[in-house]
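Asks: Chains as they are written, first to last, in the numbering used here: chain D, 1037 to 1609; chain A, 1037 to 1609.
Calculated directly from the structure, the hints in this document are not laboratory data.
All clues stand as given, with none of them false.
The list cannot tell twin chains apart, which means a pair is met if one copy fits it or any two copies do.
Quick list of in silico lysine to aspartate or glutamate cross-link-like pairs, EDC-like style, CA-CA up to 20 Å:
#, residue 1, residue 2
1, Lys1538, Glu1595
2, Lys1211, Asp1437
3, Lys1538, Glu1599
4, Lys1538, Asp1598
5, Lys1211, Asp1377
6, Lys1169, Glu1412
Number of protein chains: 2
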Amino acid sequence: MSAIPESFLKKTAELSSEVTQPFPNSRKIYVQGSRPDIRVGMREIDQHPTSSSFGAEENPPIPVYDTSGPFTDPDVSINLLEGIPDVRLNWILERHDTEQLDGPTSEYGRERQDDPRLVHLRFAHLRAPRRAKAGKNVSQMHYARQGIITPEMEYVAIRENLKLQELRNDLRYAKLLRQHQGHAWGANLPEEITPEFVRSEVAAGRAIIPANINHPELEPMIIGRNFRVKINTNIGNSAVTSSIEEEVEKMAWSARWGGDTLMDLSTGKNIHETREWILRNAPMPIGTVPIYQALEKVNGKAEDLTWEIFRDTLIEQAEQGVDYFTIHAGVRLAYVPLTADRVTGIVSRGGSIMAKWCLAHHKENFLYTHFADICEIMKAYDVSFSLGDGLRPGSVADANDRAQFAELETLGELTKIAWEHDVQVMIEGPGHVPLHMVKENMDKELQDCFEAPFYTLGPLITDIAPGYDHITSGIGATNIGWYGCAMLCYVTPKEHLGLPNKEDVRVGIITYKIAAHGADLAKGWPGAQIRDNAMSKARFEFRWEDQFNLGLDPDRAREYHDETLPKDSAKVA
Amino acid sequence: MSAIPESFLKKTAELSSEVTQPFPNSRKIYVQGSRPDIRVGMREIDQHPTSSSFGAEENPPIPVYDTSGPFTDPDVSINLLEGIPDVRLNWILERHDTEQLDGPTSEYGRERQDDPRLVHLRFAHLRAPRRAKAGKNVSQMHYARQGIITPEMEYVAIRENLKLQELRNDLRYAKLLRQHQGHAWGANLPEEITPEFVRSEVAAGRAIIPANINHPELEPMIIGRNFRVKINTNIGNSAVTSSIEEEVEKMAWSARWGGDTLMDLSTGKNIHETREWILRNAPMPIGTVPIYQALEKVNGKAEDLTWEIFRDTLIEQAEQGVDYFTIHAGVRLAYVPLTADRVTGIVSRGGSIMAKWCLAHHKENFLYTHFADICEIMKAYDVSFSLGDGLRPGSVADANDRAQFAELETLGELTKIAWEHDVQVMIEGPGHVPLHMVKENMDKELQDCFEAPFYTLGPLITDIAPGYDHITSGIGATNIGWYGCAMLCYVTPKEHLGLPNKEDVRVGIITYKIAAHGADLAKGWPGAQIRDNAMSKARFEFRWEDQFNLGLDPDRAREYHDETLPKDSAKVA
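Make a model of the complete structure from these sequences and hints.
Replies: Below is the structure:
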């Protein structure tokens, strides 16, 4: 047992109560799959009936995609000290292609485990990691290519459908299901997402299901152009600020508001332990940038990085359960000089670490030269690649330049290698791009990276609004999501200025939920318009409570309403 | 003299101090035109030099478009009780085509002037209105079509150029002036805006300069697809809230943060007097929806409206100096049934007033039948039409439907009539439109309305985010601005929920400044990228103070920065 300090116990107890608070007038529901242990959580928002002045009718509940995992299930008792339930463990075990290890096999993992000074920080229920049996490949892509539909794939199919087939057979939804024809720019959006469709998309590399075998708590989700557009959130402590409980709190907060995946970008002390706490409580896939931790291990001196230290870090994190790694293997030595005339040089932290290493040794990037070795590790745990764009533009001035696109072409080359190993891949994208140059990024990515899912940071369409970069980037994000980007990495109002607090995380997420949903609507995702239609009907009928509850942020809507129109009577008019 | 209450005096004195506070490290500059009384205000943001670690160099000041009028000029003493200086009065007088009236010629204007109970509300320095001499047309379009370049046109040309020609001849700006080639969708963006270009665009109806002869305080600005994209802000009291000083404060606040034009949508008591206070202190064009006030005059009963009451209201407001009128003349009787199957019916307030009138009398809209009479009034004062979209969609479900487009086609027909009278016209547009259907709105408007400037409300690209509709609409606004929309009507976070306060006005404006600038960048407006480039260079060189100051909202940026990185040292790193 670990000796958790009192303050942490207190904080987690408070947190448990806050993040488990239900959304107003919403119910957690589960849709059962082909077997009892495939139970897909959704949220249903109940509505009030239409008043007689508008023709008295019932308004049916609206199902919405739910990233909050067990936190909003009143039947699950949440204790962050214990971690959340292992929904996937049995699926992993029954494949009989993994083995439980005696303990961490990374050097660093063992060090941390054996260090008595860390007892007070350590998650109480450490589990010995699993790994593929010798010669086995446990990636979802590998299964998919063998024609196997995993429970993860079926889970994802049910989740993406959001009960649409059932709603179509229910007359109460007939008018609510009316929807404009979309413009999908070549995306293939079937009327029903079948498990077989999921399999075929994963097999083709057009979608990924990030799901490390050491993260059995994860509720599977899919990232691909032919599925709902997703959003990623970032958290992370730094040397200056924040403690484990603050990061766990931000993770839970992200799950609550709608983050589909989460990157832990911590760079401070105890990031190994912080990550363990996050993973054991995270219903969403967790990503990291392993080079950040590797750099800590060499005291911040990029030139001291080695393949061995990096490799140990990959294994350390893979065995904790990280679901996707950002790896800047496309920052080739030859590309570094292409950034010389830029306004903002290299702004990606991972990119500048690798550029520094390349220049210091005048050698090719070791992530590039060891790429096949990395694939061997990825497939033993099913960690997905998020191929990092280390040369992404840091200003609209530098958008779509040769450095950026040279790296993108290399990411395509690496994608092919990863796919030879049946390792799942997504591609990271910019950054800062004026609106009219956004589409070129999407088109080029689809072509150069063979339709591997694109995952972009915004892009910001102008640089002149610090304090509002959730908006400058949300505009670019909506557009690139429409054009085919599979996942949008959120940006908070603090971007370029400081570290986001909980409120910034909320605003960043809601902005990106708007972007992702706006993209789904524009693409014509089947059923996407139902929530808009329900909201609009509630608005037309002055059902204020329903308007708040159907919104992305019911609390904020209610608060704004009550500021100027505080009378309860106005809400039921 | 009026007897202004003590509280008002106190409030306006405070306000004067707040709105005249200079922007950090900025200077008000004036660019002189062809004659001494053409002095175009701009703001120049001074920068710190680059530190030696980045190659020690001077960073030249960056000129930015300035809507704040005399408020930010330290040489002008602001007293809201007196009004701001009459920059245009001499230009109007020297044309010798207007005459000063003895007093208001509208019945209502005279009533209010003579009512002793209003003494305490009345602006102190009421001026007798001017009107065109019999047979004269005083619109900017009329002059333009006669080949006359007015001082207003020259002013606008200088303002749009923002010293670009001078900067191009100054080597310090060489790298800062680098810019991506834009994609202007057929807009014609010359490298230099000449007064003749302004004249020709106004003559062709592709741009308007809203500038009532009774609003000589106005600093001329232009609205047209071949100029910088502009933003409109809305304020207005209602029966429930707000006093004259609050509305004047919001107007000044709007000028400060960047509102190009402002609509006073007041519906409460004393809107005549409120409008007078606003106009006498407003450096930007002021618009209204006269039907709102006409409705007050018939105690809110739409069916009691008459042409005579409406006509008197137009004259009342034109003689106060309102620069553009929203007139819902396109809501034809035959179109009302087209809205029957909509999710949200008719959501435009003006639209529903006129629809109600049409149905009650089963007659054609009197604004449509009297359109030529309205033109006669407009040209006597140079009030511009903002042809209202009374049938705009109130939900994404209703976007681009037959009702909306039927009205748009009628607005085109009315545009032609207005142009026969040499009256300036812009066309109002939606509203709520999914992203992929935005462009159709712009294309259809250009075609049906013969390239008259388009002025849209957002559009919101989804309905599901009450509390964040500045963002849902800012996304649509950026896109439609890029496609060619000339002016974007801002939306605040309180849209659909309540009335905006001062802070909401600020957030709405900054969001729309982002949208307008993002559109300018995407279109490739010459010089648009200089501020982005300066910001990016400051960012790369860790010049924190310059980053704050170059941003759209320096105060917010500084505040966010100081929250997590409070050390002053970090700002000069």
